[in-house]
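Asker: Join these two chains into a complex; the hints should help.
Going line by line, the protein sequences match chains P and U. Heads up: the first sequence runs through residues 0 to 222, numbered per numbering that gives the first Met the number 0. Heads up: the second sequence runs through residues 0 to 92, numbered per numbering that gives the first Met the number 0.
Just so you know, these hints were derived from the structure itself, not from any lab. Careful, some of the hints might be misleading.
Unchecked claim - Here are the simulated DSS-like pairs of lysine-lysine, each with C-alpha atoms no more than 30 Å apart in a straight line: (1) P:K94 x U:K78; (2) U:K20 x P:K166; (3) P:K68 x P:K53.
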Amino acid sequence: MNTRTQRPQRQDSTGGTAPNGDRDTAAFDRLYRDHVDRIFRFAQRLCGQADDAKDLVQNTFLNAYRGLKHFRGDAQPSTWLYTIASRACIRMRRKRKGEPERQLSLDEFIPTSEGEFRLQIPAEGLTPEEALANKELRGALQQAIRKLPEKYRLVLVLRDMEDMPAKEVGAIMGLNERAVKSRLHRARLFVRKELSAREFGQPAGAAGPATPSRRLIPARPRD
Amino acid sequence: MKTSRTATQARHGHSKTHCLKILRRLSAYLDNDLAPGVCEEIRKHLGPCPNCEVFVSSLRRTVDLCRHVDTPPLTSTAKARLRSQILRAAGRP
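Chain U extracted, bound-state conformation (with noise of 0.2 Å):
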């Protein structure tokens, strides 16, 4: 375990607690949502650490693509039939 440990650190040149701490504040990194400070220690971090890159990378591509959806539209004859309905049950003719 402590071999593995001192392994991934000499990898990537810090400890995986760091890594972690970085991944919990991903979503508010994309959003821009940090103190430009943490912005700057979490870009620093993910430049010589390829495991934060890739998640960051995917991440980014997950929420891209959720912004990207379409979606086909209601047709003007669907509109009024559920107009209808929605009345209907309303209690109005």
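Looking at chain P on its own, in the form it has when it is part of the complex (with noise of 0.2 Å):
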């Protein structure tokens, strides 16, 4: 977060003359059109649901809005309500549950079988758009992603989804870009493991007696 750009209070036209509320929604009307439909589709991918996501948004852009004032712009203003929007999403989750995050560890993706390391994900042999036409299959990926405990998930969605450079995923969520790659490790292994232990129609643990090639990779104990 060390380039330097202009407030998009600055920016603004009606700055020097309006009154002061009104410089200051002009200015977030001028974020909120140019940010709002990134941030929604940033909301809708760690939330899943359009309502989850709404209001996400809400929260992300009301914070924007108070804290306006005090941007200095050491940041993109992107990243500033990439930034907002990621604690908002950890705060509305603390809320809801209100217990400790999961840690996952290496150990519990790692096969201890041939057969888990053959696990393969379903539609093999369709480009990715091709495979995500399938609507259970579109279901699976975004259940998977939002099994995921928040801290990885945020990772996974900035670097995968919303294809950010682990250093600007760092800067976001506070970390170094070795704690990003690491997440960002576990958080594919996680969602590779959801996916190939699932075929289409059937969720997984709905599947009968399970097959070598077909069952859930066991977890096992942490280092």
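Answerer: Dropping the structure here:
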């Protein structure tokens, strides 16, 4: 977050003559107009549900409106908004669940048998677009992402879905790059495990007796 | 136990420990985030090790799917409604 840019407020054409409140609203409108689509997309990827995503967008831009006066332009406005949204997402989750987050151990994703090594993602051979046209696979992927503990989900969404460099993800989450990459690897392994354990039309654990190639990978104790 | 380990080694030509070492670095490998020598070592491992080959392909597939998830945009009406709600909550008319 070292790139110094102009405050969105300063870019506003009404600055100087309009009353403070109007200037704030004009600066807010500019910020909202330029970034609401991106933040809504981010929120949907994080929350999975449109209504929850709208709540997160509202929360994010309300906090941005209140913080606009203090935004010094140390970061790009989009990075600033992603940071606010990420914090709001964590706060909203804590309010709902009120329990500490689960840590993902690398060991729980390491296969213990050849069958587990060979677990594949359904719809192999199709392009990602073709595969995702299947409602069940799309749903399974969204469910897998939603099941991720928040701090891993945020990293996966920012890095693999919003296509941000690890350094920027670190700036948003207050982590060094090494920690970002470590969380990302665990998050990807989690999603892979969830998807590979499913058949179309059969949620994990509901497919009757597990076959060696389709059973869930058992968790191993942490180091 | 000893027999099983020997059997695995016979099939793969290397120990399972080597596979696990590779698996721990696969995201960095997929992101081209490793030194060229390490990448080469992993590439050499993947060819003769079908287990790791399938594993890396399924992990790559997972990342590809994540990258292609599409989300419906906000409608203009929803955007305007959200804006009004935010400004009202902020104490602006």
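Asker: Now tell me, hint by hint, if it's right for this structure.
Answerer: Hints and how they fare:
{"no.": "1", "hint": "P:K94 x U:K78", "result": "holds (26 Å)"}
{"no.": "2", "hint": "U:K20 x P:K166", "result": "holds (25 Å)"}
{"no.": "3", "hint": "P:K68 x P:K53", "result": "holds (24 Å)"}
Violation of the numbered hints given earlier is absent; every hint is satisfied by the structure.
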